[in-house]
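Chemist: Sequence lines, in order, name chains A and B.
The first sequence maps to residues 7 to 412 in this note's numbering.
The second sequence maps to residues 285 to 710 in this note's numbering.
Check before you lean on any hint, since a few could be wrong.
With a Cα cut of at most 27 Å, we get these calculated DSS-like pairs of lysine-lysine [claimed, not checked]:
(1) A/K210 / A/K39
(2) A/K258 / A/K328
(3) A/K210 / A/K11
(4) A/K39 / A/K258
(5) B/K577 / A/K127
(6) A/K128 / A/K240
(7) B/K360 / B/K504
(8) B/K592 / B/K639
(9) B/K577 / A/K128
(10) A/K242 / B/K504
(11) B/K460 / A/K240
(12) A/K11 / A/K258
In short, the hints are calculated from the structure, not lab data.
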Amino acid sequence: MMSFKQVTLPNGLDVIAEVNPQAQSAALGFMVKTGARDEQPEVAGVSHFLEHMMFKGTPRRSAADVNREFDAMGASNNAFTSNEVTCYWAHVLPEFLPRALDLLADMMRPALRIEDFDMEKKVILEEISLYLDRPTHVLFEAVMADYFASHALGQSVLGSRESITALAQPQMREYFDAHYGPGNMVLAAAGNVDWDRLVGWIEKAAASWRHLDIRRDYTVPQPQPRRRHIVDAKLKRHYIALMCPGPSAQDKQRHACQVLADVIGDHEGSRLYWALVEPGLADEADFSFYPLDRTGSFFAYASCDPARRDQVEDVLLAEIKKVIQDGVTEAEVLRSKNKIETAAVLHGELPLGRMRSICARWTYTHEYRRLEEELGELEAVSGADIQEVLRQYPCSPVTITTLGPE
Amino acid sequence: MCATPGKAETADTSATAQHQHVHRLANGLTLLTEKVPNVRSATMILMVPAGAALDPATGLGSANVLSDWILRGAGKRNSRELSEYLDGLGVQRGAGAETIFIRFGASMLGRNLAAVLEVYAEIVQRPQLPESGFGPARDLAIQQLDAIEDEPAQKLSILLKAQHFPDPLGRPTVGKREHLQALTADQLRADFQTRFTPQGAILTVAGDCDFQQVTDLVEKHFGGWQNPPRRATAAKPAPRGSLHITQPTNQVQIGLAMDSVPESHGQSILIKMAVGVLSGGMGARLFSEIREKQGLCYSVHAGYQSSKEQAAILGYAGTGPDRAQRTLDSFMVELQRLGQGVTEEELERARIGMKSRTIMQGESPAARAGALAHDFYHYGRPRTLEELRARIESVALADLNEYLAVNPFGPVTLVTIGPNALTVPA
Chain A
7 MMSFKQVTLP NGLDVIAEVN PQAQSAALGF MVKTGARDEQ PEVAGVSHFL EHMMFKGTPR
67 RSAADVNREF DAMGASNNAF TSNEVTCYWA HVLPEFLPRA LDLLADMMRP ALRIEDFDME
127 KKVILEEISL YLDRPTHVLF EAVMADYFAS HALGQSVLGS RESITALAQP QMREYFDAHY
187 GPGNMVLAAA GNVDWDRLVG WIEKAAASWR HLDIRRDYTV PQPQPRRRHI VDAKLKRHYI
247 ALMCPGPSAQ DKQRHACQVL ADVIGDHEGS RLYWALVEPG LADEADFSFY PLDRTGSFFA
307 YASCDPARRD QVEDVLLAEI KKVIQDGVTE AEVLRSKNKI ETAAVLHGEL PLGRMRSICA
367 RWTYTHEYRR LEEELGELEA VSGADIQEVL RQYPCSPVTI TTLGPE
Chain B
285 MCATPGKAET ADTSATAQHQ HVHRLANGLT LLTEKVPNVR SATMILMVPA GAALDPATGL
345 GSANVLSDWI LRGAGKRNSR ELSEYLDGLG VQRGAGAETI FIRFGASMLG RNLAAVLEVY
405 AEIVQRPQLP ESGFGPARDL AIQQLDAIED EPAQKLSILL KAQHFPDPLG RPTVGKREHL
465 QALTADQLRA DFQTRFTPQG AILTVAGDCD FQQVTDLVEK HFGGWQNPPR RATAAKPAPR
525 GSLHITQPTN QVQIGLAMDS VPESHGQSIL IKMAVGVLSG GMGARLFSEI REKQGLCYSV
585 HAGYQSSKEQ AAILGYAGTG PDRAQRTLDS FMVELQRLGQ GVTEEELERA RIGMKSRTIM
645 QGESPAARAG ALAHDFYHYG RPRTLEELRA RIESVALADL NEYLAVNPFG PVTLVTIGPN
705 ALTVPA
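Excised from the complex, chain B in its bound form (with noise of 0.2 Å):
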């Protein structure tokens, strides 16, 4: 335990407490930091909650704009001196809008990390927001709309998203075009004036780093951020049901959603071990009954999706016009299956491949930053590695057998695209 000015608050988390540390500052940030042994690297994740979910009704896209755009000068640097600086710094870098954050991530040397903390901490505090950059920051959010219509498994995946999930949770962050045309830059800056928060922001970082030198200077650098919360607007009702859109693609795009727990209701290390019963490597049930078995399609797969509120899986495939019915069909009896249990062997498999990938991922701060940043948002604490060890060992196989029988996966969400719509087996 370290000892922090304030009313912050500081704790470390448990058997690998030397590397991992918790530090929220009194407006609300919480910072996150795990010292990854042996590297020279480190990763920043700063989310700030101020994505697509704030997008006022007529307004679709903002978030996604302000993404760009806050990027173009902060502080005393201007546009191109703030890409030349870190440039220099070597920083690996991205920035895009997500459902509830925008998030923020910059990977580079340790040495280097205390420069880029400051620049972080400008721009989500003082950027410029220049006239000149707002035009093409909001150009570009209009091609990217065109850009999603030349990838119909992207375009899929944001339908899909859309038809199953209420508003603002479907919402495509991409936006709308009509809004992004109407946009002003006057608009955009008025909103990010209350947009970009500390309170439930979320600041990672894993690698090569030291926790008190670096909690000293996000304190001195983000602690006088200061700005109220603002609440995201009311669901709406998910569509649901079916959805087909007519297009002349080689391939038809298949995309099912299903409800499911979300990720911190205990129950949620079932669904992901039945998921990787069901997708989680080549020996997988959809990999080797669909593709290995009847050769129907080179992409099949299944994954677990969770925002706070709700979770989903969500299946994919690909295929020709005259194989997609009985793809869609086959996914289908592979959900249904389920239902009638797991072996143990298929079992062992999923944990091995959970534990494996868990382990193997903290060799790499990048995916530790990642992790610590989803632990928070879910548990509000970050897990060790001990700790995911022991919960996907916990599972037994007649734990997950019950659960399965007694929650069937369904009712099943269908969005395709391509020449000809598809029917949900009855």
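Excised from the complex, chain A in its bound form (with noise of 0.2 Å):
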């Protein structure tokens, strides 16, 4: 039977595991609570670059080795950077699980060499050129810098070719030497994982990572009515992005957010679907809740041919204020919490996505549920709930941001 557990090791580090002796495999992963918003403007892009470095070895692994034994284990590894989080994880056999950790552990506490700073300098600037030329990518940077203007949110995930250029070793040194303290980190495990044996495991490989004392800025955003347009003659088509407030990712209204999203901009059936994709009007059309830490925002997206730009906006808005006036009626409620339900069953069904789901809501509220309970949680949600989320929250003040080529 699936069982919970978790400890706190002494330095801080939060340990917790979902286990589940039936699986075939078990997934890990470290998720560190630094991301974007964390940096100084001057070092912007480091929390991705130093991302990128902490696979480049330790005092006891060269770069080659780290991958070589990834790949040794047959393991699906990978790590990703966002404007909060750093997430490294490893899908394995459990026969490979202590090594896996071993590695994972070793890789917290990287050698950062300056060889292979500035060899990974210019891997991360093929990076940022990859996504200068996905307009999708380009527009969700601009909204997200519009949107949160001064504060810390807006900054690039990736920095800039500038930021990059500038950025000197000894900078990512004191970056992470302030933001990958053991009370920043959580590890956690799903799957086939042997518990008692990996409290072992950590408690020996953690043994030396100091206590630091690490505060997030929690400035509240300041978001204002802004519009922008960015043009791009190479471009064929045009892009929308429109940003305005929401709940957080610890606010107990968030499943009726993710309820509300989807009836309104759902890939499938939603109302955007219904308004713009199925009359063709625009190929992709969607609504999204973005909760963040301690605060949070809703994102709409759509791209269209040039020539009905103004009449795609119209659509979109005219879409988002009928569902503030008027609601959603109990189908669509009840429609998409299936959906909803049935995603949340797909990837709860692969210790990887369970892995993921519990780290991600460890770290943002320091809670666990199983996933029977997730869909409880959903299950409560009314009407009622959706027109409270609608009332604190009409889409106001809004950011639009348009890409495109005129």
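Join these two chains into a complex; the hints should help.
Modeler: Set out below in structure tokens:
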């Protein structure tokens, strides 16, 4: 049977696991509560660059060793950096769990060698170029910058060519020392995991990790109504993004927000689907809930022919306004809940999916819920809960950023 | 073994027989099921051999439009009723035209499987194909062509396929703008009538499902499906060689293709292992030599792709214009170096990588439904995880190295998108 385990080590590292002896595999991950919002502007992009450098070896492993060892376990592994967290994970067969933990834990105390730093800087610059060729990414970064304005949440995760070129290795070391304290991290495991042994291994591996007092700056963002159009003559499509305030990742209303976002803008069967995609006005349209640490927002997106840009934007705004004025129907709420339930069950059937879920929830709320309990929370959402969200967050102020050829 | 009526045949497959079943309907549709233990979801994949290969010479993109239009109402339900019914069942779904097949995929809780099978039976046999839905479906297909222009990496993969494979295998499923603009609802309706056939269609169900129950449902809902099969157009040779598209991108997109042996060929496992050594993980050759040691790109990889008749190894790299030629040169060096053989360590890493992925996919109904369809298409039967594992373990270093020495990769088809053209090193 599935069971939940948790322990906090003396240095502050939280270790959690959802143990499922029937699983054929195990997933393991460190989530560090640091990202672009925790960077000073002069080191923009350092969180993400550091994430790459964590794979470049430790005092007892070279970069090639790290990569080879993951491959030798047949691991599916990767890492990602967001505005708020940096996560390193591996999905392995149960017999490789001790090796995977040894490697991941060792990586959490990296060497940050200067020659690796210089080489990886070239890779980061290429990654920035890659995303500059993707209009949806360019637009996303632009709308975040417009919405959050001078707040650190508006900073680009990748940084800019200029900030990365100027970044020096000692600045990265300083950032690492200030943010990778054990109390700022969670180690999560899911699947076929031997909990007692896992705790024994991590106690040993993390014994020398010094506790640090780390505090995130929780200055409240002050979004203002804004509108900006970016011209890129080489584009064929027009892209529209919209952001407005919503509840935070800690807010009890987040389940209602998930249902609301699905009703308005799921890629199938939503209000925006029927108003924009089904009639062929836009090839894509969605509305999503974007919860963050002690703040949150809603996000809408559409892409269309440049000739239809005004029409599509008008319809998009009209649909949102209609929901704010008239609410949603019980039938819509029920359909959306059913869709979200299926997605949660599918996600939850894989150890990697569960590991990510429990890890993120623990990082943001220090709570654990079994999948059935999560589904129960979703099931409890009523039309009245959604009305309350709409009353408190009536899509105002709104930031609209657009990108297109003219 | 289960007894079944009429000319239909049922067979179970081997050691894990309690989990895998095959049932062939009299009309030519093949059902494959696999029960995945300890899951509540089920995934259904329905593949109808009505893909872009059957598009008329002047109607390229028809399959793509049809894969949207066909969902806009079926049986008694109109477009909205159909969509709302599936949403009410919590179905996560997708549909799209591939080269050979039009593929429908649906994931749901196992308890909703019966209702969902009935809906898809309606969709493929009795779609409404309403006049009102045709314009938007065609318009969306045309918009897709523009969207691809804004995504250079996606554009590259479409161009590379067209450059390397003969038509219709290499043809872009998205179609041609002028053909799409000229396409009418009547033409596409007539096309549908002779296009959607159960002959060669594959239906797979994996996850929380009962074979006998699924078989009964499929016999009931799909058993009456009748349509004669239609042949694909004759093949036209592939252009091959090099193609460069000048475009002011930040990165040069580099795509390579080389012939290989098809999946069902006995030696395909050797190729896959070699591709694993080349690009199986972050410790593999391409990543380690081109990204880690030289810092030339962020994204560089290679993969194996096979249809029934023809297979290729496809390579990709994206990098700045000033480093693109060096990246291509390094890529070619790695391809040639494979001919000198791989080490036992490298082979072992490729083996364990493939084995782990196989076992881990075994936990996912969606992955298993896809694997059943893949295996039936290429091998004419499902393969068990044990069989896959044994095949992976059977690869010996001497056999692999001998194969690589005798069969060098190439010649290379090269497609690039970016400010400047590149040259394939001699």
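Chemist: Against this structure, judge whether each hint is valid.
Modeler: Checked hints:
no.: 1; hint: A/K210 / A/K39; in the structure: holds (22 Å)
no.: 2; hint: A/K258 / A/K328; in the structure: holds (25 Å)
no.: 3; hint: A/K210 / A/K11; in the structure: holds (18 Å)
no.: 4; hint: A/K39 / A/K258; in the structure: holds (21 Å)
no.: 5; hint: B/K577 / A/K127; in the structure: holds (12 Å)
no.: 6; hint: A/K128 / A/K240; in the structure: holds (26 Å)
no.: 7; hint: B/K360 / B/K504; in the structure: holds (18 Å)
no.: 8; hint: B/K592 / B/K639; in the structure: holds (24 Å)
no.: 9; hint: B/K577 / A/K128; in the structure: holds (11 Å)
no.: 10; hint: A/K242 / B/K504; in the structure: violated (48 Å)
no.: 11; hint: B/K460 / A/K240; in the structure: holds (21 Å)
no.: 12; hint: A/K11 / A/K258; in the structure: holds (24 Å)
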